[in-house]
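From first to last, the protein sequence lines are chains A and B.
Its first residue numbered 1, the first sequence is counted upward by one per residue in the numbering used here.
Its first residue numbered 1, the second sequence is counted upward by one per residue in the numbering used here.
Don't read these hints as lab results, they were simulated from the structure.
Ideal placement from N, C-alpha and C gives every residue a C-beta, glycine not left out.
Hints may be right or wrong, so weigh each one.
Stated by the list, open to error - Computed footprint of chain A on chain B; a stretch qualifies when at least three of its residues, placed anywhere within it, have a C-beta under 8 Å from a C-beta of chain A:
1. 3 to 16
2. 104 to 117
3. 129 to 141
4. 144 to 156
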Amino acid sequence: MPKVAYYPGCSGQGTSLEYERSTRAVCQAVGLELVDVPDWSCCGSSPAHMVNHVLSAALSARNLDLAHSLGMEVVATPCPSCLTNLRNAAVEMEDEGFRSKVNALLDRPYTGAVDPQSVLQVLVEQVGVDEVARRVTKPLTGLRVACYYGCIMNRPPERMRFDDHENPMAMDRLMEAIGLEVAPFPLKVECCGASFGVPRGDIVMRLSGKLLDAARGLGVDAMVTACPLCQMNLDLRQRQINAALHERFRIPVFYYTQLLGLALDVPRQELGLDRLCVDPRLALGKIKAPAPVQ
Amino acid sequence: MRIYDLATAEQDFIAEVAARSHQDVRTCYQCGNCTAGCPYTFVYDYSVSQIMRLIQLGQQETVLRSKSIWLCGSCQSCTTRCPNRIDVAKIMDVCRHMARERGYATEREVKLFADSFLRSVERHGRAFELGLMVDYVLHSGKVFTDLDLAPTALARRKLPFQPHPIVGRDQVERIFQRFRQGGAHA
Numbered sequence: 001m002p003k004v005a006y007y008p009g010c011s012g013q014g015t016s017l018e019y020e021r022s023t024r025a026v027c028q029a030v031g032l033e034l035v036d037v038p039d040w041s042c043c044g045s046s047p048a049h050m051v052n053h054v055l056s057a058a059l060s061a062r063n064l065d066l067a068h069s070l071g072m073e074v075v076a077t078p079c080p081s082c083l084t085n086l087r088n089a090a091v092e093m094e095d096e097g098f099r100s101k102v103n104a105l106l107d108r109p110y111t112g113a114v115d116p117q118s119v120l121q122v123l124v125e126q127v128g129v130d131e132v133a134r135r136v137t138k139p140l141t142g143l144r145v146a147c148y149y150g151c152i153m154n155r156p157p158e159r160m161r162f163d164d165h166e167n168p169m170a171m172d173r174l175m176e177a178i179g180l181e182v183a184p185f186p187l188k189v190e191c192c193g194a195s196f197g198v199p200r201g202d203i204v205m206r207l208s209g210k211l212l213d214a215a216r217g218l219g220v221d222a223m224v225t226a227c228p229l230c231q232m233n234l235d236l237r238q239r240q241i242n243a244a245l246h247e248r249f250r251i252p253v254f255y256y257t258q259l260l261g262l263a264l265d266v267p268r269q270e271l272g273l274d275r276l277c278v279d280p281r282l283a284l285g286k287i288k289a290p291a292p293v294q
Numbered sequence: 001m002r003i004y005d006l007a008t009a010e011q012d013f014i015a016e017v018a019a020r021s022h023q024d025v026r027t028c029y030q031c032g033n034c035t036a037g038c039p040y041t042f043v044y045d046y047s048v049s050q051i052m053r054l055i056q057l058g059q060q061e062t063v064l065r066s067k068s069i070w071l072c073g074s075c076q077s078c079t080t081r082c083p084n085r086i087d088v089a090k091i092m093d094v095c096r097h098m099a100r101e102r103g104y105a106t107e108r109e110v111k112l113f114a115d116s117f118l119r120s121v122e123r124h125g126r127a128f129e130l131g132l133m134v135d136y137v138l139h140s141g142k143v144f145t146d147l148d149l150a151p152t153a154l155a156r157r158k159l160p161f162q163p164h165p166i167v168g169r170d171q172v173e174r175i176f177q178r179f180r181q182g183g184a185h186a
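Same shape as in the complex, but just chain A:
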């Protein structure tokens, strides 16, 4: 059974609790063991790298060190922003000069070489799309979705080394494997407005509005995301977007793990579907009951 260290990230304790819980439930259902990084701390997210790269790397390195102490080679995180910071720290600390500046900020110097990856990458590469498909008990046929990856999970490609950077397919393939119809979404890697929602909401209105508009144009029932910030901008702020742009979007925005969980028939309470802001029941009602076994 594949086993990786697991870094949940701060939003998983609050705004994206449903992503965190459904991630754990899905990994358990497909036989991927997640070993929690003990006493993990915040990676600093965008604010840290906007202030200083040594500070940002130090906040990440404390967690890489804790993952290293577990004896793990890979630490998986559901959050692309955590992933970016952890990966940047890991790669940039390969430079001795940079590493010593980072270590100067830490209680205990980081000497490991843990490789941070997204949970999505681990699911696709260590479990496999076929294995996920084999375990599906409730295929979600009848539902048409657009997969939105967000801007940083695959970029820059030399740094992230996973999937295609202009047209990623990992989530598309997983969603097809559980019976969904996946529309070819042209804005898969366009930015949603990132963390500007609070200080410059107008930016998120415009950029996330463009994503919702493109999804609507494809006639999808829902969008599927892998990022807590993207999901919050598209879902929690959808009403703000409607007010700002004089629109009437009503597109549910799922985490891909919630849909995987439905198809794998994990307990409903682990999926937190009631925590989505745009009501997903209309979309979920389109799922056709599987034909009775003859």
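Following the hints, position chain B against chain A.
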């Protein structure tokens, strides 16, 4: 078109950006690919390719007082698509660092939000979302920020009222303290 007298080029500034970003800014030949893909140009005062050109021309004040460097979302589109493999997003980040160190903040709320976020991490070891929103409102004076979202967010239990304290909170706090004492540059 704006004309810049090359005699006003601040060579130290060009060198500092290059050294801190580990990028050779001279190799930018203004193809405009970064700007073509940048989703943020609509709020910028200078497009990202203009920022690159201004750096080549050593226009320190114009760059560090621009709004653009604060409004870059680090989406990596420019870096990914640069034909000369310049890490443009990293250069934008470095300019933001330099502006902050000089006390410039042409997008005040963007800076204050980052400050509130990091104060929360320093205090608790993890980001405490509700606490950092209150901190941001207090520091920015923007009391109506996202108030319309509160009922939905609270009804869906998206904002816990308590932080999640960690055992190593002090270790995180010391990272910030050493950073402030040392003024680490990179």
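In ascending order, which of the hints set out earlier in this document are inconsistent with the structure? Number 1 only.
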